[in-house]
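> So you can see what is in the structure, the chains are spelled out below.
2 protein chains.
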Amino acid sequence: MQFELKTNDPKSKARAGVITTDHGTIETPIFMPVGTVGTVKGVHQSELKDEINPDIILGNTYHLYLRPQTKILEEAGGLHKFMNWDRNILTDSGGYQVYSLSGRRKINEEGVKFKSHIDGSTHFFTPENVMEIQRSIGADIIMAFDECTPYPCDYGYAKRSMHMTHRWLKRCVNHLEKVPPKYGYNQTLFPIVQGSTYTDLRKESAEFIASVGAEGNAIGGLSVGEPAEEMYAMTDVVCSILPEDKPRYLMGVGTPINILENIALGVDMFDCVMPTRNARNGMLFTAHGSINIKNKKWENDFSPIDEMGITWVDTMYSKAYLRHLFAAREMLGKQIASIHNLGFYLWLTREARKHIIAGDFAEWKDKMVKQMNKRL
Amino acid sequence: MQFELKTNDPKSKARAGVITTDHGTIETPIFMPVGTVGTVKGVHQSELKDEINPDIILGNTYHLYLRPQTKILEEAGGLHKFMNWDRNILTDSGGYQVYSLSGRRKINEEGVKFKSHIDGSTHFFTPENVMEIQRSIGADIIMAFDECTPYPCDYGYAKRSMHMTHRWLKRCVNHLEKVPPKYGYNQTLFPIVQGSTYTDLRKESAEFIASVGAEGNAIGGLSVGEPAEEMYAMTDVVCSILPEDKPRYLMGVGTPINILENIALGVDMFDCVMPTRNARNGMLFTAHGSINIKNKKWENDFSPIDEMGITWVDTMYSKAYLRHLFAAREMLGKQIASIHNLGFYLWLTREARKHIIAGDFAEWKDKMVKQMNKRL
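Residue numbers (the working numbering), protein chains in the order written: chain P, 5 to 380; chain E, 5 to 380.
Keep in mind that the hints were calculated from the coordinates and are not lab data. Since we're looking at a predicted model, the values are computed, not measured. Any given hint could turn out to be false.
Within a straight-line C-alpha distance of at most 25 Å, the following computed DSS-like cross-link-like pairs (lysine-lysine) qualify [claimed, not checked]:
1) E:Lys53 / P:Lys53
2) E:Lys298 / P:Lys45
3) P:Lys45 / P:Lys75
4) E:Lys45 / P:Lys45
5) P:Lys378 / P:Lys298
6) P:Lys298 / P:Lys45
7) P:Lys75 / E:Lys301
8) P:Lys301 / E:Lys75
9) E:Lys300 / P:Lys45
10) E:Lys75 / P:Lys298
11) E:Lys300 / E:Lys378
12) P:Lys53 / E:Lys117
13) P:Lys371 / P:Lys358
14) E:Lys298 / E:Lys45
15) P:Lys15 / P:Lys250
16) E:Lys17 / E:Lys374
17) P:Lys300 / E:Lys45
18) E:Lys75 / E:Lys15
19) E:Lys358 / E:Lys53
20) P:Lys85 / E:Lys301
21) E:Lys300 / P:Lys75
22) E:Lys378 / E:Lys358
23) E:Lys119 / P:Lys300
24) P:Lys85 / E:Lys298
25) P:Lys298 / E:Lys45
26) E:Lys85 / P:Lys301
27) E:Lys75 / P:Lys300
28) E:Lys207 / E:Lys17
29) E:Lys53 / P:Lys45
30) P:Lys117 / P:Lys163
31) E:Lys85 / P:Lys298
32) E:Lys207 / E:Lys250
33) E:Lys250 / P:Lys300
34) E:Lys358 / E:Lys15
35) P:Lys85 / P:Lys75
36) P:Lys75 / E:Lys298
37) E:Lys300 / P:Lys85
38) E:Lys163 / E:Lys117
39) E:Lys300 / P:Lys119
Can you make the complete structure from the sequences, with help from the hints?
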């Protein structure tokens with residue numbers, strides 16, 4: 005993997021760059037749609053590629069390990085072939101899901117014993133086997149196995165957990181060297197900064213992660229319930245320490261406003277279930293504010309979903325029609341809203357990139373944050 | 005509306021024709037995808053038009069009257085504009101749904117009082133107001149308000165009900181003359197033959213319906229649980245009486261095999277929820293038999309869903325991937341299967357038409373029935 009830093013915004017810490025992997029280039033800043041179990045919910049691969057057009061999407065190690073299971077993905081020749089997606093894939097390590105989905109988990113230095121949320125069967129994740137699973141999935145960017153602490157988290161726990169995450173990282177790095185890629189292309193490991201909302205821990209973690217010299221670095225343990233200002237403060241501290249010449253990935257973030265604010269702090273990559281999850285609940289993001297399409301006020305508003313027409317659904321369907329689909333609990337409503345929201349998120353990060361390159365990102369960001377804060 | 009009979013098959017009663025309405029031509033035999041509440045479940049209008057490519061789809065008066073409601077459709081300028089579909093639409097009259105969805109209904113000579121399955125509110129359908137509602141929906145072909153008798157149905161009830169359906173038809177015809185179309189294009193009323201599974205009643209009903217001189221005629225009250233042989237026997241009796249020079253529509257039928265057998269008896273138009281409903285349950289129809297994609301045998305079958313590639317989903321996704329989507333209860337599975345099945349149904353009726361025109365329909369039909377009867 006290579007990363008070329010193209011432009012630094014003069015009035016913020018925003019950057020525009022290009023990542024190159026064996027599956028092509030990724031222009032940053034980028035939002036990565038989440039395809040938890042090998043599908044971006046409600047969106048055909050052709051729509052994803054041709055309309056939403058991200059250079060990279062996410063898969064999830066925990067979910068893919070349980071279903072369809074590693075052996076099926078190996079037989080398929082990896083996740084790219086299994087789901088028919090020929091661009092980049094990043095897999096998160098399953099750390100977050102083990103903590104959030106499996107109430108029944110036991111964590112110790114060796115790894116995490118957990119029960120499947122599907123059938124209650126017992127499994128054990130270690131830094132080593134999670135590397136092997138991600139080799140089998142075949143993502144281009146694979147994530148270190150970490151503990152994602154909740155919010156709030158007491159200082160002592162956050163510190164101990166962070167140190168264990170660091171020790172686990174060494175095990176990930178060591179083991180990955182022993183297990184070659186399975187499908188003829190390279191896979192790059194991103195380590196993850198932890199440290200909850202404690203500035204000193206975040207600094208220590210960022211310094212440790214930076215010292216590993218990985219080709220890209222991630223910030224985890226944020227967007228877990230803390231106020232946005234705390235998130236921004238932590239991102240700022242961490243970005244000031246992580247190397248300039250490597251991409252920075254802020255995991256699980258966030259609203260369109262969160263994304264722009266974190267781009268301004270030097271983050272290059274984002275992922276979040278919000279555009280698709282909120283879409284399925286009838287919430288649309290637009291450049292002029294958010295829309296609750298279930299609201300009665302849209303009942304006879306026959307104007308297009310979004311005049312901007314970022315994706316074809318925006319002008320093919322009216323607000324009144326989309327509201328009707330949600331009222332009648334029709335699948336098509338969720339499909340339309342998912343395409344709209346993902347299209348908007350990708351438009352937003354592409355626009356951010358254009359403005360960074362043009363040198364007017366900071367002004368544009370402030371204007372957009374104000375606009376997007378409205379409820380239509 | 006015009007109907008031109010193009011070809012009669014030499015060895016069966018199958019026919020190929022062309023219906024022309026203000027929204028374009030409909031090549032028959034045709035299968036009409038069901039879009040109950042203004043959406044063919046799980047399928048974008050663009051996919052419907054470009055990939056599945058039917059000349060006509062169905063809407064449902066009962067459902068559309070309850071949601072989004074007639075006034076919204078009027079404000080939208082009719083269902084075509086509301087859902088953004090510029091080809092033909094047929095609406096069934098709501099008779100079937102009043103009986104099947106609303107356990108709490110009271111039927112008398114005047115009409116049917118029923119409770120909404122959504123909120124329990126009370127409504128009253130009469131032949132007159134159902135014509136008005138269909139004017140507001142704006143379908144190209146509108147159906148008479150009838151009583152669809154269940155199976156089995158005792159002779160006395162079937163006879164009384166049929167006579168009432170005939171009286172209701174006169175009221176439909178009379179009232180429709182008084183209420184002009186709302187959107188500048190013509191709407192054609194199809195009356196419906198009833199008579200349960202009694203040959204003498206079916207004959208009497210078909211003669212009465214034929215005497216009305218409508219531009220097209222429908223056969224109702226079949227595919228409600230009776231053995232296929234009884235359905236075919238009734239279709240055969242009715243088709244021998246309904247006029248040759250008008251299209252014949254067999255309502256709510258059926259499996260791919262049912263469709264071919266009824267085409268052989270002289271039916272021109274079909275609709276059924278089966279391709280989409282079964283799709284949502286993981287059942288795929290193919291030219292070589294049906295597939296239960298949830299079956300473990302497909303777990304590591306990475307071959308395309310259907311080598312025939314009628315629609316793009318067939319070759320974009322593998323059986324193993326589709327099985328995984330169903331196992332993980334992912335929306336995309338239902339979407340893929342729906343497009344596949346509808347594509348197959350439309351292919352089947354188009355192929356039937358080609359073979360009727362080529363003069364070898366009967367042989368082809370026998371071969372297809374044998375093939376499609378298999379479980380893969």
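> Could you run down the list of hints and mark each one as holding or not?
For each hint, the structure was consulted:
Taking the CA atoms of Lys53 of chain E and Lys53 of chain P, the gap is about 20 Å. The hint holds against a cut of 25 Å. For the proposed pair Lys298 of chain E and Lys45 of chain P, the alpha carbon gap of about 19 Å is at most 25 Å, so the pair holds. The straight-line distance between the Cα atoms of Lys45 of chain P and Lys75 of chain P is roughly 23 Å, inside the 25 Å bound, and the hint therefore holds. Proposed proximity of Lys45 of chain E and Lys45 of chain P is supported: the alpha carbons are some 16 Å apart, at most 25 Å.
For the hint pairing Lys378 of chain P with Lys298 of chain P, the CA-to-CA distance comes to about 17 Å; that is within 25 Å, so the pair holds. A C-alpha spacing of about 20 Å is found between Lys298 of chain P and Lys45 of chain P, which places the hinted pair at or below 25 Å, so the restraint holds. The suggested pairing of Lys75 of chain P with Lys301 of chain E holds, with an alpha-carbon distance near 15 Å, which does not exceed 25 Å. Note on Lys301 of chain P and Lys75 of chain E: the hinted pairing holds, with a Cα-Cα distance of about 15 Å set against a maximum of 25 Å.
Simply put, Lys300 of chain E and Lys45 of chain P have alpha-carbon atoms about 23 Å apart, close enough for the 25 Å limit, and the pair holds. Distance check on the hinted pair: Lys75 of chain E and Lys298 of chain P sit about 18 Å apart at the alpha-carbon level, within 25 Å; holds. For the hint linking Lys300 of chain E to Lys378 of chain E, the alpha-carbon distance of about 18 Å falls within 25 Å, and the restraint holds. Note on Lys53 of chain P and Lys117 of chain E: the hinted pairing is violated, with a Cα-Cα distance of about 50 Å set against a maximum of 25 Å.
Among the hinted pairs, Lys371 of chain P with Lys358 of chain P is consistent with the structure: their alpha-carbon atoms are about 15 Å apart, no more than 25 Å. Among the hinted pairs, Lys298 of chain E with Lys45 of chain E is consistent with the structure: their alpha-carbon atoms are about 20 Å apart, no more than 25 Å. Only pairs whose Cα atoms come within 25 Å are accepted, and Lys15 of chain P paired with Lys250 of chain P is accepted, the gap being roughly 20 Å. For the hint linking Lys17 of chain E to Lys374 of chain E, the alpha-carbon distance of about 20 Å falls within 25 Å, and the restraint holds.
Proposed proximity of Lys300 of chain P and Lys45 of chain E is supported: the alpha carbons are some 23 Å apart, at most 25 Å. At most 25 Å may separate the alpha-carbon atoms for a hinted pair to count; Lys75 of chain E and Lys15 of chain E exceed this at roughly 49 Å. Annotation: proposed proximity of Lys358 of chain E to Lys53 of chain E holds, straight-line Cα distance about 21 Å (limit 25 Å). Between Lys85 of chain P and Lys301 of chain E the CA atoms are separated by roughly 19 Å; this keeps the pair inside 25 Å, and the hint holds.
A hinted pair counts as satisfied when its Cα atoms are at most 25 Å apart, and Lys300 of chain E with Lys75 of chain P qualifies at roughly 14 Å. The suggested pairing of Lys378 of chain E with Lys358 of chain E holds, with an alpha-carbon distance near 24 Å, which does not exceed 25 Å. The hinted pair formed by Lys119 of chain E and Lys300 of chain P meets the criterion: a straight-line CA distance of about 23 Å does not exceed 25 Å. Pair hint Lys85 of chain P plus Lys298 of chain E holds up; C-alpha atoms about 20 Å apart against a cutoff of 25 Å.
For the hint linking Lys298 of chain P to Lys45 of chain E, the alpha-carbon distance of about 19 Å falls within 25 Å, and the restraint holds. For the hint linking Lys85 of chain E to Lys301 of chain P, the alpha-carbon distance of about 19 Å falls within 25 Å, and the restraint holds. A distance of roughly 14 Å separates the Cα atoms of Lys75 of chain E and Lys300 of chain P; the hinted pair therefore holds under the 25 Å criterion. Annotation: proposed proximity of Lys207 of chain E to Lys17 of chain E holds, straight-line Cα distance about 18 Å (limit 25 Å).
At most 25 Å may separate the alpha-carbon atoms for a hinted pair to count; Lys53 of chain E and Lys45 of chain P meet this at roughly 23 Å. The straight-line distance between the Cα atoms of Lys117 of chain P and Lys163 of chain P is roughly 21 Å, inside the 25 Å bound, and the hint therefore holds. Our distance criterion of 25 Å between C-alpha atoms is met by Lys85 of chain E and Lys298 of chain P, whose separation comes to about 20 Å. A threshold of 25 Å between alpha carbons decides the hint, and for Lys207 of chain E with Lys250 of chain E the separation of about 17 Å falls inside it, so the pair holds.
Taking the CA atoms of Lys250 of chain E and Lys300 of chain P, the gap is near 44 Å; set against the 25 Å cutoff, the hint is violated. Using a Cα cut-off of 25 Å, the hinted pair Lys358 of chain E and Lys15 of chain E holds, with the two alpha carbons roughly 15 Å apart. Between Lys85 of chain P and Lys75 of chain P the alpha-carbon distance is near 14 Å, which keeps this suggested pair within the 25 Å criterion. Of the pairs offered as hints, the one joining Lys75 of chain P and Lys298 of chain E holds, with about 18 Å between alpha carbons and a cut-off of 25 Å not exceeded.
For the proposed pair Lys300 of chain E and Lys85 of chain P, the alpha carbon gap of about 20 Å is at most 25 Å, so the pair holds. For the suggested pair Lys163 of chain E and Lys117 of chain E, the alpha carbons sit about 21 Å apart, so the restraint of at most 25 Å is met. Between Lys300 of chain E and Lys119 of chain P the alpha-carbon distance is near 23 Å, which keeps this suggested pair within the 25 Å criterion.
In summary, the structure is inconsistent with hints 12, 18, 33 from the numbered list given earlier, while agreeing with the others.
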